[in-house]
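Those protein sequences? They're chains E and U, same order as listed.
No gaps in the numbering here: position 214 of the first sequence is 214 in my numbering, and each next residue is one more.
No gaps in the numbering here: position 325 of the second sequence is 325 in my numbering, and each next residue is one more.
Wrong hints could be hidden among the right ones.
No copy labels: a pair is met if it fits in one copy or bridges any two.
[Stated by the list, open to error] Result set (DSSO-like, lysine-lysine): computed pairs, CA atoms no more than 30 Å apart in a straight line:
#1 221 to 251
#2 340 to 85
#3 221 to 35
#4 85 to 251
#5 251 to 35
#6 85 to 337
#7 340 to 221
#8 337 to 251
#9 221 to 337
#10 337 to 35
#11 85 to 221
Don't read these hints as lab results, they were simulated from the structure.
Remember, it's a predicted structure, so these values are computed and weren't measured experimentally.
Number of protein chains: 2
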Amino acid sequence: MSSAPPPAPATQGKTLLAYGVMVVVTVALFQLVRKAGAGLVAPAPTSPATFGQGSPAAHNDTLFHVLLALAVVIVASRLLGMAFKWFQQPAVVGEVIAGIMLGPSLLGRFAPSVSGYLLPPAVAPYLGILAQVGVVLFMFLVGLELDTSLLRKKTHTTIAISHASILAPFVLGSVAALWIYPQVSSSDVPFGIFALFMGLSMSVTAFPVLARILTDRGIQKTRIGVIAISCAAVDDVTAWCLLAFVVSVAKSKVGHATVTIGLTVVYVAVMLAVVRPLLERAVRRHELVRNVTQQTTALVLVGLLLSSLATECIGVHALFGAFLLGAIVPHESLLAKSMKQRLEDVVVVFLLPAFFAFTGMRTQIGLVSGLQNWLICGVIIVVACLGKFGGSALAARLTGLDGRDAATIGVLMNTRGLMELIVLNIGLDLRVLSPTLFAMMVVMALVTTFATTPILHLLQRGRAEEAAPREGETSEASG
Amino acid sequence: MSSAPPPAPATQGKTLLAYGVMVVVTVALFQLVRKAGAGLVAPAPTSPATFGQGSPAAHNDTLFHVLLALAVVIVASRLLGMAFKWFQQPAVVGEVIAGIMLGPSLLGRFAPSVSGYLLPPAVAPYLGILAQVGVVLFMFLVGLELDTSLLRKKTHTTIAISHASILAPFVLGSVAALWIYPQVSSSDVPFGIFALFMGLSMSVTAFPVLARILTDRGIQKTRIGVIAISCAAVDDVTAWCLLAFVVSVAKSKVGHATVTIGLTVVYVAVMLAVVRPLLERAVRRHELVRNVTQQTTALVLVGLLLSSLATECIGVHALFGAFLLGAIVPHESLLAKSMKQRLEDVVVVFLLPAFFAFTGMRTQIGLVSGLQNWLICGVIIVVACLGKFGGSALAARLTGLDGRDAATIGVLMNTRGLMELIVLNIGLDLRVLSPTLFAMMVVMALVTTFATTPILHLLQRGRAEEAAPREGETSEASG
């Protein structure tokens, strides 16, 4: 085997000449062909029969506008995310605000022509699909990151806090619904479903952003950190099961709800009792090979799609299936790590911004106008904090933590982040939330997430066990 | 720092009891709330003001059908890809056939209801956008994989072969257009553009699938292998520049074409003279840090989007910008490797199947009916092979390779793969190709790609320098 062809003795000049002659001959031949064909007549155009074939302009316009929208929102959300990180805020707050600023709330209001060019209404469905596919993949990643051993290592404290941190906001949220329903809901939404959804949306804790805040502050290994992360894991699982329940009730109005719930329970049981052991065995055999092939990636992604489709068929949301599959993949396995590595960057950098833009396009802060509306918005924020912060802090205090630690736990659990926005978008899709209430709830999600870090900072100041926040992190979790 | 909370002395029973009481109290409270709210009246429903909000059923249906279509096409293309690999064929042949089988040519014809459920027409635009975004990312990866040093290490042989392998099929293709145009084109397509496009689409070589075939057969380091890969690299770059030219001419009909071509030349010059040195310097500084952060990934992806948008604005295709940016990233750098690692699996496993399905949905083999049409299809295949195989084999023979080596080079250069399909889809979008001609050209692409391995096998049999084909590869390139 010779490793390369021997250099030919051709001089540079000879080569150039040969090339020139070739090109000239080709162009000349082509001109001859063109002349010869000038008089040819082709059949009359038939109407385009393939449905994928729009007018060329429209077709290219869609791709152009989708790429433009992605570029704009990635840049905007990255920049605002970085700005917020600089103020020691989770990046997700900035990213969500970037989406809202590009939507009808700011850009659409003050520069409608710019907004119409950057994010035209026609691009919304495409951005919506990219966003939804992105969120399905993201929920799988959230599931992967969930350390299920945290759910098993239950202590008196974590059980009390995690339950209180769901039940208290749930009850307070549904009580608040009594006052909110006649004002901003609509008569085609049954009160029961509305109250259920309000309760649920108050009880969400953002597991990923919480984990990120703990790591950023270097307190993830402290007692408080471990309690908070364990409770958030329990909350996450409970909230998604509750969401599955609410969606099934909301979708199938009467009668069918029990079927949906029954099927969901069966599906979860099969996944836990049959698929998980199989996965664990496959993963253990796989670890010996130490190589996650593209074939494996394809298998996992197909599994992810099938699990999403199964839950969507049952009547709960596709996201639930994605999350469930992620959660049953052994957390510390090579498979989990390698899937995370392969998916995370594309999902977080490329697809989640589409979700921020899509959410922003649907958020009309302008609808929250007048004293009355802002009063409702304020009440929602107060109720959300009272339930989540109050419930978990009280439970922590009662199980023996000191006041400061209890307050820290309360503040951490009050972080809502991206999870809340995903739940709210589902609420808007189901029309349980009116656009006005959706905007109010988005404000609530932002305020509660935004409030976490400064309050945490105050609580931690002067504490002996405080570790210096780590700087210069290389990857961020949106949560 | 204590590493975990001390286990609480609570007994299992006590915990369960507390939990039960909590749940019962919550459910009871919620029932009270529901009763209290039963008489509440909410405002009358307003018409939905946010455009992203369709009816809930329609909205979920889109996500469901997109996920279903993805699952179906990933499974089908993986299975057929594996089957074809088993017959030592490039996987891409099987993947493309899977897409065609799911489309109107097979499934749509014999089981229209199944096809209508798995790939309903309404899902085509969404699949199309996923496919196009996937192909943009894929072309960036193809650019990344392109070793530009191959373009500089020119020898007499590679220059002769690479030029002949473009010019010969180009001239033959445009001559064939004289006969094909009056039969299957349509009168709204000017003959000049038609001839240009026919010439171009005959001269495509699939760089990725060629590289893969060489690796699979273990001949990538042999003289033949190096010549073939170098020529394919030159062909790739030339074909994409030609495509940019053809698109600009086709789009801007008269007058504007020169502006487009001028702008394209300026853009390429700026990318090569300004952006590439900057990138090289950044990459060199970066190598010292040995860490590609998520921020870097975001920067590169934004650059990719901007480059695609720039070429789309100029009037050549977004894919050209993506390819160009990939090509100027230093080939051996950590940045190139890490971007490849982060993007490849998601693109190849998740997004390219959408392209196969989309292409399949647009390919109506049924349109190629009757002796006349199949005769045209046969002529297209013969012309494509004569031009590409004949041209490169002849050039190889004339520059001193023996007959068998010359034939091997010819066969390798005749591989068209995915690249051809991307070009054909652009032709269909521009309406230069009628659906019938599109179907014929797809058949040509499949036949020429399919023929490569068996002929190569025959040529290599008994050759002393033949290396045993490697089995059990862990990753595949679609090309």
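Hint by hint, here is what the structure shows:
1. 221 to 251: The answer is neither: 42 Å in one copy and 61 Å across copies each exceed 30 Å.
2. 340 to 85: both (23 Å within a copy, 28 Å between copies)
3. 221 to 35: neither (79 Å within a copy, 45 Å between copies)
4. 85 to 251: Neither: 39 Å inside a copy, 45 Å across copies.
5. 251 to 35: between (66 Å within a copy, 21 Å between copies)
6. 85 to 337: both (26 Å within a copy, 28 Å between copies)
7. 340 to 221: within (22 Å within a copy, 35 Å between copies)
8. 337 to 251: Close neither inside one copy (36 Å) nor across copies (47 Å); limit 30 Å.
9. 221 to 337: within (21 Å within a copy, 34 Å between copies)
10. 337 to 35: neither (62 Å within a copy, 48 Å between copies)
11. 85 to 221: Classified as within; 22 Å inside a copy, 49 Å across copies.
Going down the numbered hints, you'll see the structure goes against 1, 3, 4, 8, 10, while the others check out.
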